[in-house]
Amino acid sequence: MLENPGWLFVAATLLPLISFILLLIGGKHWGRVAGWIATAAIGGAFILSAIGAAYYLPHSGLFGHSHSSEAKPASQEEHRGASHTHGARREHNHGHEYSSLLERDPAEPPWQGGLVWAQTSSGESGQATALRLGFYVDGLTVIMFLMITLVATLIHIFSTGYMAEELQPQVEDHQAYAVRAGRYPRFFTYMSLFCFSMLNLVLADNLFQIFISWELVGICSYLLIGYYYERSSASNAANKAFITNRVGDAGFIIGSAILWTYCGTLTLPDTVRLQRNAKGEMVRELEPGLFSRLRMPNKDTHGDPLPGQLDKYFGNFVRVAPIKPAAEVADTRYRLAENGGWVLVFGGHFHGEDLTEETAIAASSAPTNMGLSVMPYWALVLAGIGVFLGCVGKSAQFPLHVWLPDAMEGPTPVSALIHAATMVAAGVYLVGRAFPLFAPEVLLVIAYTGAVTLFIAASIALVQTDIKRVLAYSTVSQLGFMMLALGVGGWIAGLFHLLTHAFFKALLFLGSGSVIHGCHHEQDMMKMGGLYEKMKITAVTMLAGVLAIAGAPLFSGWYSKDAIMVSALAFVVHHPQHILLFLLPLITVAMTAFYMFRLWYLTFTGKPRDEHVYEHAHESPWVMTLPLIVLALFSVVVAWGWPPWDPHASALEHYLDHEMPIYLHPDADNPLQDAYLAPVRKYAEQPEAFPEIQLPDPHTLAGLLALLSAGIGFLLATTVYYWGYLDPEATQQQFARVYTFLWEKWHFDAVYRWIAVRPAMVLARICRWFDLYVIDGLVDGSARATVKISQWDGKFDLGIIDGLVNLTADIIYAVAAWLRHVQTGLLRNYVLFLALAAVGIFALVSYILALVG
Amino acid sequence: MASVGLTQYLLIGAVLFVCGVVCMAIKRNAIGVLMGVELVLNGASVNFAAFARFHEAFRVEGQVFALFTIVLAAAEAAIALAIVLNFYNNYLTVDVDSAEELKG
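Chains as they are written, first to last, in my numbering: chain X, 1 to 853; chain R, 1001 to 1104.
Isolated chain X, as found in the complex:
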């Protein structure tokens, strides 16, 4: 037995990183081997995750608890009665049992570890500021790891077939009219980095580490969407994805900064760290994470229970108001107030007696490890909205959804990876992971964002003809479902749908990839039709995906969509003013069924509309169909429980139920219930506890309504596109306005072009002008001046300095040239010179002597 199985997941995270580094160094020359390395790495990550999951299984909600599938009571009545008992076992979730975390066996989940890599001050001073690199593995992490690594492995295997033509030294790109070198290894290099980033994101125990992975995921999506960068559409799409995500990430970093400022940490769960105490000994000390700092624990850090009269605050944000508003900030004392403008931050080391209904509460305005501090309530809301804005960008929610459909420009396996397992899942995952941070106002924003997104995206998907675009908008829409579910407190439903959606959306994308591959890169459904005869495996597996996403009974999507509808209904029952949050998804379920069956009918049934495409169509090789079959299998059974025909007996749902943040559990023995959402959850789980609500059982009601809605959508699609009773062309012309509006995607691109792209372009042009004429002018001017000065200097050097030196040499040369003629070489001349010289000297001496003389 491993001491801390969490390290298995760390190893699983690092495997794709190792593959990335290997491929980065040498991948260029390895060809097909590069694909094998990447596939082996992610496959190894899957095996490690599976081993880790095996370690986790005994601790999960599936076995040894009242919800084990064998013991599940068949009738709904009993089943809900049993749900009473499991609440007590969820205490480990966020470590509100402060002392238990210190004494806990590290082999007990959640598995934690990590190190502090930046600490600006010690905990002793009270100022808490430390950045961690750590891991936190609970059931959500485990199931996300399994899903990501499994889907990614299948996509890798699929890619080794799909990307095979990149192995040629020369690849002709028909869309960019360019011939270029094959880039097979590069694809797998990026894929490995992508997988590493995503796994690290899920593994991280603090917002900062999540943010790092967040950005890595962003850059990987940029690199992969722009994989065919010769095509301007692909490079534009890559830019769009990256820039749109920047908007969201700005929100994320602002949210993180707010939490950092007021809470002094970015770690989400409670952690244990080694600390030097006053005597200089190293002691294990508990450091509360963001959740425990913001939501009131029911015990203080010494493990003593807090006063009982405060129990209505346990698990909630505690709002306070200053007693004397104008007092000095440092001395301000607070009292508990229903709608106070401040929220208490529980820094640890506080005593129970500090907190009573009557006494004035002393709290500092700066984050501390030694007691209580406060943060403004609006900052808490802003931080939540900021973090959620990051998720809006990553998970392509309204109004930042525009990048996802364009991301279809990447190779199809990338679309599958982005849409199923990695990028868009990151946003939903983070909302789920950081769920306890969100104030009710933020949750409402999340719910409405999801509702608007799911409706808009589904309506656009109704009219698209590009097979991948339909799937892209369906992804946006399904992500909207997840966000809506999370926003209305359906934590389980949202993440449940994330997991089932991962499988059937990966299946649908790989299926569309197979179709596109088989039709020689034809993506327009209007040119397909009748392909069932040509590619039976693809057609059947895709039908499984279509049924799953449409919510057909017994397919995985049915269970998760049902859970979402129940959550929405329960919320609407409690907050009737938000009835839209139930109606919009209900209508959208019909739209989903319609556009998905439309896609399937247009592609696989009817008469071939383009003979050329039809004749050349062929089934894909087994490396591509095998992942399809596996995914189809998973799309059907992943949510099954016993009995399968009970939509609320799903094993996966019960697994997630055990992992739900403790604040949401409505059981009477859970002391940490959230006042806003726990009643909603209680109604969803035990409607009989609310006799005053005169409605049928929410499960039956929501389930039937959703099924009815999906059935209408299915029938309509079949009528129009299979039986041909209605001519789609005529309908188009009848509703030309609506059709154009939807075809133009609600004019989002046009609006963004006017409010964002155009001004940016104008600004860019001004900057370009400034750069060209002012900056470049200065630079060029100084360069030109330098050249001129150098020229003058060169002339001086050449003319004067060199001139003088050369002049000396020239003079000497000239003298020498003249003197050389003396040396005639004639012996007789020398004799003559000697004689004459002798005579001359003689004459000179005589003359001098005579003068002296």
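One or more of the hints may lead you astray.
Okay, the calculated bits of chain R under chain X, using three or more residues with CB under 8 Å as the criterion [to be verified]:
hint, stretch
1, 1025-1035
2, 1092-1103
From the derived model, a few chain X residues whose C-beta atoms are all more than 12 Å from chain R [to be verified]:
hint, residue
3, 25
4, 28
5, 309
6, 532
7, 576
8, 715
9, 736
10, 740
11, 784
Derived by calculation from the structure, the hints in this document are not laboratory data.
Computed from a predicted structure; not experimentally measured.
We put the CB at the ideal spot given by N, CA and C, even for glycine.
With the hints as your guide, set chain R onto chain X.
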């Protein structure tokens, strides 16, 4: 007739010297040039001998120098004739004007 004195000897020596110099300066034949050299040396010898005869201070030294000069002349002739012979071997002529390779 006036007695023959130092002056006449010096005069003869000078004439011999000048004849030798002129001979060296105008002869193209190497042998002729050597002859001129002999004349110059002999002119010098006459001077030494004359001083040894007519000047008390040079009684011995003059004669010694004259003898030296004769030996010198013999050695010079031996070396010079060897040079001339070699020159002739290389150029098949004894014309000193053709030996101008060292001109500037």
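The hints, checked one at a time:
1. 1025-1035: holds (count 5)
2. 1092-1103: With 7 residues close enough to chain X, the hint holds.
3. 25: holds, 72 Å
4. 28: holds, 71 Å
5. 309: Answer for residue 309/X: holds, closest chain R Cβ roughly 126 Å.
6. 532: holds, 108 Å
7. 576: At roughly 124 Å from the nearest Cβ of chain R, residue 576/X sits farther out than 12 Å, so the non-interface label holds.
8. 715: At roughly 121 Å from the nearest Cβ of chain R, residue 715/X sits farther out than 12 Å, so the non-interface label holds.
9. 736: holds, 109 Å
10. 740: holds, 104 Å
11. 784: holds, 53 Å
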